[in-house]
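Visitor: Sequence:
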Amino acid sequence: MLTVSQAMEKFKQAKVPQNEELLRRWLRKGKIEGAVIHSKREGWLIPEDSIKALIEEKKEKLKQKDKCQKAYNDGYQQAVSDFRASMRKWIVFGYEKSGSIKRSEFRQIAPLNSDNYFKFVDQHYFARGVAKPRQSTDYFYSEGFFCYPIGSIVIDTQESPYNEIYEEEKDLHLDTLAILMLSEYFRLSYIEAIKDTKIVIKSK
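Just remember that my numbering sits 5 ahead of the position in the sequence shown, which is counted from 1.
Keep in mind the hints are simulated off the structure, nothing from the lab. For every residue, glycine included, the Cβ atom is placed at its ideal position computed from N, Cα and C. Hints may contain errors.
[Stated by the list, open to error] Per label pair, the in silico range of CB-to-CB distance:
{"no.": "1", "residue 1": "109", "residue 2": "64", "range": "20 to 30 angstroms"}
{"no.": "2", "residue 1": "30", "residue 2": "52", "range": "13 to 23 angstroms"}
{"no.": "3", "residue 1": "14", "residue 2": "172", "range": "22 to 32 angstroms"}
{"no.": "4", "residue 1": "133", "residue 2": "21", "range": "29 to 39 angstroms"}
{"no.": "5", "residue 1": "154", "residue 2": "8", "range": "20 to 30 angstroms"}
{"no.": "6", "residue 1": "120", "residue 2": "57", "range": "33 to 43 angstroms"}
{"no.": "7", "residue 1": "109", "residue 2": "154", "range": "35 to 45 angstroms"}
{"no.": "8", "residue 1": "43", "residue 2": "149", "range": "33 to 43 angstroms"}
{"no.": "9", "residue 1": "136", "residue 2": "198", "range": "35 to 45 angstroms"}
{"no.": "10", "residue 1": "120", "residue 2": "42", "range": "34 to 44 angstroms"}
{"no.": "11", "residue 1": "124", "residue 2": "29", "range": "13 to 23 angstroms"}
{"no.": "12", "residue 1": "6", "residue 2": "181", "range": "29 to 39 angstroms"}
{"no.": "13", "residue 1": "109", "residue 2": "25", "range": "22 to 32 angstroms"}
{"no.": "14", "residue 1": "134", "residue 2": "14", "range": "15 to 25 angstroms"}
[To be verified] Below are the EDC-like pairs computed for lysine to aspartate or glutamate, each with C-alpha atoms no more than 20 angstroms apart in a straight line:
{"no.": "15", "residue 1": "36", "residue 2": "176"}
{"no.": "16", "residue 1": "200", "residue 2": "143"}
{"no.": "17", "residue 1": "66", "residue 2": "54"}
{"no.": "18", "residue 1": "15", "residue 2": "26"}
{"no.": "19", "residue 1": "66", "residue 2": "197"}
{"no.": "20", "residue 1": "36", "residue 2": "174"}
{"no.": "21", "residue 1": "64", "residue 2": "143"}
{"no.": "22", "residue 1": "34", "residue 2": "176"}
{"no.": "23", "residue 1": "20", "residue 2": "176"}
{"no.": "24", "residue 1": "68", "residue 2": "173"}
{"no.": "25", "residue 1": "45", "residue 2": "61"}
{"no.": "26", "residue 1": "34", "residue 2": "172"}
{"no.": "27", "residue 1": "36", "residue 2": "25"}
{"no.": "28", "residue 1": "63", "residue 2": "120"}
{"no.": "29", "residue 1": "175", "residue 2": "26"}
{"no.": "30", "residue 1": "45", "residue 2": "26"}
{"no.": "31", "residue 1": "137", "residue 2": "148"}
{"no.": "32", "residue 1": "102", "residue 2": "161"}
{"no.": "33", "residue 1": "63", "residue 2": "47"}
{"no.": "34", "residue 1": "200", "residue 2": "54"}
{"no.": "35", "residue 1": "20", "residue 2": "54"}
{"no.": "36", "residue 1": "124", "residue 2": "197"}
{"no.": "37", "residue 1": "34", "residue 2": "173"}
{"no.": "38", "residue 1": "45", "residue 2": "120"}
{"no.": "39", "residue 1": "66", "residue 2": "120"}
{"no.": "40", "residue 1": "63", "residue 2": "197"}
The task is simple: from the sequences and hints, build the whole structure.
Guide: Now the structure itself:
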């Protein structure tokens, strides 16, 4: 049996990209055969065969993706790239759907459950520009893009690592998807902020 860290190392050794938060979500939903958790302290234990099967499945998906990419000519790829770039600018002015994100729901749904992380999100999002954190914020969605006016955040669901989360959870309510995308954005930002802090401390 493997721990989550050991499982992630198996993906790394196989040179197959894998999002740890997504892996943990699969575990919580019972999507990995034979995985068990006896206590929070011990954490998840995953059969090595299940991880090997996941790796092979992802390898096959990567092969298919590579084949599709090779099928496009350079001109078409550039056209798609230009289109998505223009969409980033356009989404602020026009959108298909919109919704709201409640701060309380964000804290319930966000995969990273850490007080320091939630303080970071409040500082850079819910409490941005105001004295007290907002209890609800708006977002807009169009053509695979989520736009969050606070902080001028635009997330492309076709870009890594958001694409894996989107493909896995795309059947969920749009509000929930908006929270998952935003929580991943701030998870990455939070990790970078911690790294930068450690670098500053070391340099002193």
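Visitor: Check the following: the C-beta atoms of residue 6 and residue 181 are separated by a distance inside 29 to 39 angstroms.
Guide: holds (31 angstroms)
Visitor: Quick one, are residue 64 and residue 143 close enough, alpha carbons at most 20 angstroms?
Guide: Outside the cut-off at roughly 38 angstroms; violated.
Visitor: Mind checking the hinted window 35 to 45 angstroms against the Cβ distance between residue 109 and residue 154?
Guide: violated (20 angstroms)
Visitor: Do the beta carbons of residue 120 and residue 57 sit within 33 to 43 angstroms of each other?
Guide: At 36 angstroms between Cβs, range holds.
Visitor: CA of residue 66 to CA of residue 54, is that 20 angstroms or under?
Guide: Within the cut-off at roughly 18 angstroms; holds.
Visitor: Do the beta carbons of residue 120 and residue 42 sit within 34 to 44 angstroms of each other?
Guide: violated (22 angstroms)
Visitor: Can the restraint linking residue 200 and residue 54 be considered satisfied, given a maximum Cα separation of 20 angstroms?
Guide: violated (34 angstroms)
Visitor: Honestly, do residue 109 and residue 64 meet the 20 to 30 angstroms range at C-beta?
Guide: Given range 20 to 30 angstroms: violated, Cβ gap about 40 angstroms.
Visitor: State, for the Cβ atoms of residue 154 and residue 8, whether the hinted interval 20 to 30 angstroms holds or is violated.
Guide: violated (40 angstroms)
Visitor: Hint check: residue 45 vs residue 120, CA-CA at most 20 angstroms. Holds or violated?
Guide: holds (18 angstroms)
Visitor: Mind checking the hinted window 22 to 32 angstroms against the Cβ distance between residue 14 and residue 172?
Guide: Between residue 14 and residue 172, where Cβ atoms are some 24 angstroms apart, the hint holds.
Visitor: Taken at face value, is the distance from the CA of residue 143 to the CA of residue 200 at most 20 angstroms?
Guide: Distance ~30 angstroms between residue 200 and residue 143 Cα, so the pair is violated.
Hint violations for this structure: numbers 1, 5, 7, 9, 10, 14, 16, 19, 21, 23, 25, 28, 31, 33, 34, 39 and 40, all remaining hints satisfied.
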